[in-house]
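Protein chains in written order, with our numbering: chain A, 566 to 922; chain B, 25 to 391; chain C, 1178 to 1262.
Honestly, the hints are just simulated from the structure, not real lab data.
Every residue, glycine too, gets a C-beta built ideally from N, C-alpha and C.
Wrong hints could be hidden among the right ones.
Claimed, not checked - To spell it out: a stretch of chain A is covered by chain B in this simulated footprint if at least three of its residues, at any positions, have a beta carbon under 8 Å from a beta carbon of chain B; those stretches are:
id, segment
1, 838-844
2, 905-913
Stated by the list, open to error - Quick list of the computed label-pair ranges, beta carbon to beta carbon:
id, chain 1, residue 1, chain 2, residue 2, range
3, B, LYS155, A, SER690, 28 to 36 Å
4, C, ILE1219, B, ARG288, 26 to 34 Å
5, B, GLU362, A, ARG748, 28 to 36 Å
6, C, GLU1218, A, GLY750, 50 to 58 Å
What the hints assert, rightly or not - No more than 30 Å apart at the CA atoms, straight line, and that leaves these computed lysine-lysine pairs for DSSO-like:
id, chain 1, residue 1, chain 2, residue 2
7, B, LYS258, B, LYS50
8, A, LYS882, B, LYS35
9, B, LYS347, B, LYS258
10, A, LYS722, A, LYS613
11, A, LYS613, A, LYS716
12, A, LYS752, A, LYS876
13, C, LYS1185, B, LYS35
14, C, LYS1185, C, LYS1206
15, C, LYS1193, B, LYS155
16, C, LYS1199, C, LYS1185
17, A, LYS716, B, LYS155
18, B, LYS124, B, LYS155
19, B, LYS123, B, LYS155
20, B, LYS258, B, LYS35
21, C, LYS1206, C, LYS1193
22, B, LYS155, A, LYS722
23, A, LYS882, C, LYS1193
24, B, LYS155, B, LYS130
25, A, LYS795, A, LYS752
26, A, LYS752, A, LYS882
27, B, LYS123, B, LYS347
28, B, LYS35, B, LYS50
29, B, LYS130, A, LYS722
30, B, LYS124, A, LYS722
31, B, LYS124, B, LYS347
32, A, LYS752, B, LYS35
33, B, LYS123, A, LYS722
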Amino acid sequence: MKNMPDHRKNAVLDFSCPTPLSSYERILLAHGSGGTMTHRLIRDIFLKAFRNDHLALQHDGAVVGALAGRLAFSTDSYVVHPIIFPGGTIGDLAVNGTVNDLAMCGARPLYLSASFIIEEGLEVSELCAVVDSMRTAAAAAGVTIVTGDTKVVDRGKGDKIFITTSGIGVIPEGITIDPRSARVGDKILVSGTIADHGIAVMSVREGLEFETAIRSDTVPLNGLVEEILKASSDVHVMRDPTRGGLATTLNEIAEQSNVGILIRQNAIPLDPAVSSACEILGFDPLYVANEGKLVAFVAPHDADHVLDAMKRHPFGKNASIIGEVTAESDQGVVMESSVGGRRIVGMLSGEQLPRIC
Amino acid sequence: MRFLDEYRDAKLAAHYAGKIRSIATKPWTIMEICGGQTHSIVKYGIESLLPEGLTLVHGPGCPVCVTPLEMIDRAIAIAERPEVIFTSFGDMLRVPGSKKDLLTVKANGGSVQIVYSPLDAVRLAREFPEKEVVFFAVGFETTAPANAMAIVEARRLRLNNFSVLCSHVIVPPAVEAILSSPEHSIRGLLAAGHVCTVMGYHEYIPIASRYRIPIVVTGFEPVDILQGIFMTVKQLEEERAEVENQYSRAVRQEGNIPAQELMREVFEITDRTWRGIGEIPRSGLRLRESFSDLDAERRFPVADIHSQEPAECVAGMVLRGIKRPYECPAFAVRCTPEHPLGAPMVSSEGSCAAYFQYGRVRHEEHA
Amino acid sequence: MCLAVPGKVIEIDRSKSPVMGKVDFGGVKKTICLEWVPEVEIGAYVIVHVGFAISTLDEQEAAETLKLIGEIKWPSESDEDSKHH
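Here chain A stands alone, though its shape is the one from the complex (with noise of 0.2 Å):
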């Protein structure tokens, strides 16, 4: 529809545009078209931004050189709307998003491809917040963007922009993390605020606008989940919870684990702004995005000693033992509310809707 409030302003953008392709302000199908303008756009924006050895050589494919150990590979696509919101960007999302995956594998992630789809008339601007902030989350998770594709549709045919990313990184000696490996009587710890995102990114969609403070909490958890390793051998379970929320992933390795879960609602931490939102909205903020946190299933004699690691680490200092599990599998995911009573937390079929009752 009509011209989006700016956002930018919100986000943490520290860039300046490089391009002389500043003739242009908008993309146009001929940036996509693989001849000179296409070249020009990935040797201005991409190459300049993701600066290294590899993409220089603007190779078909980047060889990245013997690794050691066995390999996890994930891969992801991102298309949030809007692509900048507070606390990040579409960008942000898309290298972050899979550096934590590869994380939830136990592995130290290290090089990323990152495939764009371009909507014919995105603002070349909005493009380079997008590239700039993928080179600053690149490098605070510590991986190299290797590898990647550029293509132009038609305006209509994709919401502004869509990224993919796929990453490889290796798993140490001893490391094995399954989502089948949950134990009756584990402890659930999980690393902070939940609903974070979702709600900053409703903050500023159409229809429904606030003014709050509240911003994405998307980061690399890779330097978390290093810590928690080296806490304890005994972590049978990690995974980053995002669409859907808390709940979803909860039920998810409920299932493949074949066992219950039982948690406490007073013990699951929500930022009181956030929480204010949902009430506004009519939301749970367990089935609410999140992008910058982890849930880890971890052995009982173990599990002080693990929140202790996460407390001591920027990206886990809410970090709180939510429940455990239990052998009650036919029950699924059990919440003991703030009141004392229980309910069953079940799947979202669909998205949650803002809501009049």
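Fit chains B and C to the known structure of chain A by using the hints.
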């Protein structure tokens, strides 16, 4: 949050649950009218805190659930028109019509926009003068004044591209319809706190006395609901049948007068069909003749759309509290949130959806 | 029905028709119509439904409600006996 957290206090909740247990000497059946109360009851697991004999049945207090099938079909027909931006509260989008829902219309390219407030729809009409902006005005008396304000604003701004598809329902006639039906076993009522914030509670005094039923105007937080139940059980044990106000921090007996005046200016009472229940005389609101130019049902050719309810959905019995969701043969088998047969499974306020999501702990314990 | 949330009034613009203002819901601020709570002052709490304040929150009643909870007497033995006919 202030005025919320205090009413979610675990100690107070336990205290009240204990009081209820200590004074209840008979099995009582109490109905809470409002979908928001149902939601809270199920979300906080309140039923598991109540004594064995106390049964809560969930009433038809979900305006989303009770919007007639025909109205949904008319909404869909309007939303599919290329010149229309169809605006609605979020929870209406998944309510199934005869063939599809508004979300499907959106997926197929229709312009369907969620709004938080009806004034947002008016704003859209100003921003897009070349489009027809239609607002789906549903809700109980709580929402009617807000929708009335949008209509009055559109008139004041002389917008000729704004209209309203009106499907309002009002509570007292529905309460009477339920209490006068021979099949019910309801002995006490928790009246809807936010409806009464607007309308006051004087309308319930004759109902309480005619049917000899205690009616307690109740809020929405766990402590409110437990206090409301306690006050109801206390009346029942003392053989009283009065109207009491638990939600006194927000509700006054006369309600909100300026809001009521605006409602009366814009709307008049009409007969209304409640989905799954049938027609209840004088239970709905429609636009007055003086606002007929803003009536979407007149602006668009939808008068010929008539719809039949599916036979298997027993929503009506669930909404009247006669059956519990899990007593419906289709519940969780052929009727799930993914493939709902009727509205109480779609709306998260609906009894069936609430039970599907949250309630299986308790009823499985009793199975 | 009727998801309505309490919030604190932080701005009032009576020059507008209808009267509008800003309400702070625990850190989330939204522009809300205050037309039906004409007596409201900055700092007062209101209940908000779909962008409209439908009532002010009476702090005294709220305190009474919470106090009352602690004060309700347990029914005495004789009360119990008289109920069983």
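Tested hints:
1. 838-844: Per the Cβ count (3), the hint holds.
2. 905-913: holds (count 8)
3. B:LYS155 x A:SER690: 28 to 36 Å: holds, 29 Å
4. C:ILE1219 x B:ARG288: 26 to 34 Å: holds, 30 Å
5. B:GLU362 x A:ARG748: 28 to 36 Å: holds, 31 Å
6. C:GLU1218 x A:GLY750: 50 to 58 Å: With Cβ atoms ~55 Å apart, the hint holds.
7. B:LYS258 x B:LYS50: With a Cα-Cα distance of about 11 Å, the restraint between LYS258 of chain B and LYS50 of chain B holds, given a limit of 30 Å.
8. A:LYS882 x B:LYS35: Cα-Cα ~29 Å, so holds.
9. B:LYS347 x B:LYS258: It holds: about 26 Å lies between the C-alpha atoms, which stays within 30 Å.
10. A:LYS722 x A:LYS613: Judged against 30 Å, a Cα distance of about 27 Å means the pair holds.
11. A:LYS613 x A:LYS716: holds, 18 Å
12. A:LYS752 x A:LYS876: holds, 16 Å
13. C:LYS1185 x B:LYS35: holds, 26 Å
14. C:LYS1185 x C:LYS1206: holds, 9 Å
15. C:LYS1193 x B:LYS155: holds, 26 Å
16. C:LYS1199 x C:LYS1185: holds, 8 Å
17. A:LYS716 x B:LYS155: violated, 33 Å
18. B:LYS124 x B:LYS155: Holds, at about 24 Å.
19. B:LYS123 x B:LYS155: holds, 26 Å
20. B:LYS258 x B:LYS35: holds, 20 Å
21. C:LYS1206 x C:LYS1193: holds, 19 Å
22. B:LYS155 x A:LYS722: Holds, at roughly 23 Å.
23. A:LYS882 x C:LYS1193: violated, 45 Å
24. B:LYS155 x B:LYS130: holds, 16 Å
25. A:LYS795 x A:LYS752: holds, 17 Å
26. A:LYS752 x A:LYS882: holds, 18 Å
27. B:LYS123 x B:LYS347: Given that 30 Å is the threshold and the Cα spacing comes to 26 Å, the pair holds.
28. B:LYS35 x B:LYS50: holds, 25 Å
29. B:LYS130 x A:LYS722: holds, 16 Å
30. B:LYS124 x A:LYS722: Holds, at about 24 Å.
31. B:LYS124 x B:LYS347: holds, 26 Å
32. A:LYS752 x B:LYS35: holds, 26 Å
33. B:LYS123 x A:LYS722: Roughly 27 Å between the alpha carbons, so the hint for LYS123 of chain B and LYS722 of chain A holds.
Checked against the numbered hints listed earlier, the structure breaks hints 17 and 23; every other hint is satisfied.
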